Amino acid sequence: MTAPVLNLQLHEGRKSYQAGETLSGEYRVASCDLGDLRAIEISVLWYTEGKGDEDLAVHYFERLSLDDSQVLDLERPRRFSTVLPNSPLSYEGVIVKICWCVRARLFLARGREVVEERLFQLGDVPAARAVLP
Amino acid sequence: MARDIKFYGKKRGDRRTGSRQMGRAGMGLFFGTFLLIGLGSLLLILFTLSIPEWRANHGYVETQCLVLDSRIAEQKSDDGLTYRPEFKLEYTAGGAAITKWRPSEVTGAYSSNRGRSERILGQFPVGQKYPCWYDPRDPNMVVLERGYSWFAWLMLILPAAFLTIGGGGLLLSVLRWGKSTERISAMSQQSTTRDLFQPPVAAGPKFPNVPDAADLTNSAGTTLAYRLPSASARWGLLAILLFCLFWNGIVSVFVTLAVRGHLRGEADWFLTLFMIPFILVGIGAVGFLVRQVLIEAGVGSTIVEIEAHPLAPGGEYDVFFSQAGRLTITSLSVLLVCEETATYRQGTNTRTAHRRVSEEQIFLREGFDIQQGMPFETRLRIKIPLRAMHSFTSDHNKVEWKLVVKGAVARWPDFERGFPIVIRPESAASEAA
Numbered sequence: 001m002t003a004p005v006l007n008l009q010l011h012e013g014r015k016s017y018q019a020g021e022t023l024s025g026e027y028r029v030a031s032c033d034l035g036d037l038r039a040i041e042i043s044v045l046w047y048t049e050g051k052g053d054e055d056l057a058v059h060y061f062e063r064l065s066l067d068d069s070q071v072l073d074l075e076r077p078r079r080f081s082t083v084l085p086n087s088p089l090s091y092e093g094v095i096v097k098i099c100w101c102v103r104a105r106l107f108l109a110r111g112r113e114v115v116e117e118r119l120f121q122l123g124d125v126p127a128a129r130a131v132l133p
Numbered sequence: 001m002a003r004d005i006k007f008y009g010k011k012r013g014d015r016r017t018g019s020r021q022m023g024r025a026g027m028g029l030f031f032g033t034f035l036l037i038g039l040g041s042l043l044l045i046l047f048t049l050s051i052p053e054w055r056a057n058h059g060y061v062e063t064q065c066l067v068l069d070s071r072i073a074e075q076k077s078d079d080g081l082t083y084r085p086e087f088k089l090e091y092t093a094g095g096a097a098i099t100k101w102r103p104s105e106v107t108g109a110y111s112s113n114r115g116r117s118e119r120i121l122g123q124f125p126v127g128q129k130y131p132c133w134y135d136p137r138d139p140n141m142v143v144l145e146r147g148y149s150w151f152a153w154l155m156l157i158l159p160a161a162f163l164t165i166g167g168g169g170l171l172l173s174v175l176r177w178g179k180s181t182e183r184i185s186a187m188s189q190q191s192t193t194r195d196l197f198q199p200p201v202a203a204g205p206k207f208p209n210v211p212d213a214a215d216l217t218n219s220a221g222t223t224l225a226y227r228l229p230s231a232s233a234r235w236g237l238l239a240i241l242l243f244c245l246f247w248n249g250i251v252s253v254f255v256t257l258a259v260r261g262h263l264r265g266e267a268d269w270f271l272t273l274f275m276i277p278f279i280l281v282g283i284g285a286v287g288f289l290v291r292q293v294l295i296e297a298g299v300g301s302t303i304v305e306i307e308a309h310p311l312a313p314g315g316e317y318d319v320f321f322s323q324a325g326r327l328t329i330t331s332l333s334v335l336l337v338c339e340e341t342a343t344y345r346q347g348t349n350t351r352t353a354h355r356r357v358s359e360e361q362i363f364l365r366e367g368f369d370i371q372q373g374m375p376f377e378t379r380l381r382i383k384i385p386l387r388a389m390h391s392f393t394s395d396h397n398k399v400e401w402k403l404v405v406k407g408a409v410a411r412w413p414d415f416e417r418g419f420p421i422v423i424r425p426e427s428a429a430s431e432a433a
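Protein chains in written order, with my numbering: chain S, 1 to 133; chain L, 1 to 433.
Don't take every hint at face value.
Unchecked claim - Calculated cross-link-like contacts (lysine to aspartate or glutamate; reagent style DMTMM-like; alpha-carbon spacing at most 20 Å):
(1) L:K398 - S:E54
(2) L:K179 - S:E62
(3) L:K179 - S:E54
Claimed, not checked - Chain L is faced by these chain S residues, among others (derived, beta-carbon under 7 Å):
(4) T48
(5) D53
(6) V58
(7) L89
(8) G93
(9) I95
(10) V125
(11) A128
None of these hints come from the bench; they were simulated from the model. Nothing here was measured: the structure is a model prediction, and the numbers come from that model. Cβ coordinates follow ideal geometry from the N, Cα and C atoms, glycine included.
Hey, can you work out the whole structure from these sequences and the hints?
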């Protein structure tokens with residue numbers, strides 16, 4: 001049995017955006033048995049990395065469950081689009097990092113999941129360096 | 001790649017996130033155990049204490065009992081011997097004569113208070129007849145005393161706490177089961193951002209996760225528009241004071257025991273030596289408290305005012321700075337500082353780490369005196385770096401900007417006072433437009 005493939009792309013392969021710009025892209029499911037599929041989620045979110053516990057907030061979220069007739073055509077690329085917020089901007093700190101990404105999650109039978117993620121930069125804040133005492 | 005349940009998740013930054021499914025299963029098991037303990041103890045208390053007591057007051061039938069004999073029953077427990085009064089009663093129930101040894105009341109609870117048991121025995125002398133009540137379902141159950149005992153009902157608080165924590169946690173685990181982190185986050189945000197599920201427009205605050213500057217602009221300045229509040233050292237002082245009281249209070253009990261032993265000539269050297277590091281920590285805490293009090297009391301008030309707030313990257317702003325007191329200043333400086341703060345759990349502890357990532361000195365003066373009633377005052381100009389990271393706050397992570405006043409005073413501890421500011425992620429040019 002071949003594993004389902006989740007193809008996620010940002011338009012024009014962009015990896016950097018400014019606050020207030022529109023982020024758009026598309027995703028497509030291949031090699032997936034319709035009987036296996038439970039739902040698809042697409043989200044635009046930021047999460048923190050570093051020393052602290054992870055914080056996460058979703059800016060855009062869309063879920064298509066098996067009941068949605070639109071899901072049936074799995075091979076057809078599905079588009080998404082959202083206007084990016086003013087904050088928080090991507091940040092490469094010393095103990096706090098803020099990462100933005102588009103995440104697509106495919107829910108399959110028996111609790112299996114397929115996850116694809118595309119990181120992107122929001123804003124152009126330079127990386128921080130620790131100040132030596 | 002399809003994922004089944006994994007024990008470990010991917011590594012992110014300094015942490016390993018762990019498997020989401022296993023984590024949730026573990027939480028479900030944890031709260032389920034709480035719920036079971038709560039249910040078990042609730043049933044135990046209800047069926048052994050609360051319900052029998054309620055039935056004795058409402059369902060028992062009155063008759064007359066002859067006290068044939070009485071005694072104090074003893075039971076060994078962790079607290080030593082416990083006692084309860086028992087009576088040999090003769091009574092008629094449903095036409096049948098019954099003779100039984102029974103405690104005076106229905107719960108039959110033992111108590112460490114022997115005097116209480118003796119008092120109850122004295123209330124029912126042998127050879128006398130008293131009203132008593134028997135259970136029509138089981139005539140062998142008879143009591144001389146009715147009423148309600150506080151512990152039979154107060155003890156219900158214990159299982160109630162377990163049921164609330166266990167039930168609530170289990171319900172949350174069930175509601176979250178099978179849901180992605182993103183979906184849970186979106187659901188929790190839905191209450192404040194009702195249009196979240198109406199893509200593509202995402203509604204919400206204009207600057208999400210940028211701290212509200214309202215608290216920093218509600219105090220008008222006398223020279224410039226806003227007087228910045230100091231990151232209060234008084235709460236820190238209170239925390240140190242409470243720690244000193246708590247720590248030294250406990251330590252003093254053991255020190256007293258050790259000293260009494262020495263005075264009696266029965267020195268406990270293990271206790272004495274064991275207490276030394278604890279005493280040193282206590283002395284250190286008191287010393288630190290005294291130092292902080294000296295700084296707060298001896299160094300006069302520091303005032304920082306600013307012409308506009310919140311600030312924007314690339315913006316230049318006037319700042320008014322005043323330092324009062326009667327001080328011989330070795331050096332006095334004002335810094336524009338950016339600091340990262342990360343809160344994380346380590347075992348059962350919650351720890352907070354700070355890292356300074358930007359520090360720009362905007363004022364320095366050395367070797368001068370400040371006279372009582374004549375505070376040192378000056379106006380400064382600060383420039384926020386054009387591509388500065390904006391102020392950021394989330395549950396466990398922060399990026400904070402502040403103006404820091406540092407002072408080195410002759411024959412006095414150095415001091416440092418912070419004045420938080422908020423930087424928004426919009427350029428000064430767009431803000432002006």
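Hints numbered earlier in the text: which of these fail when held up against the supplied structure? none
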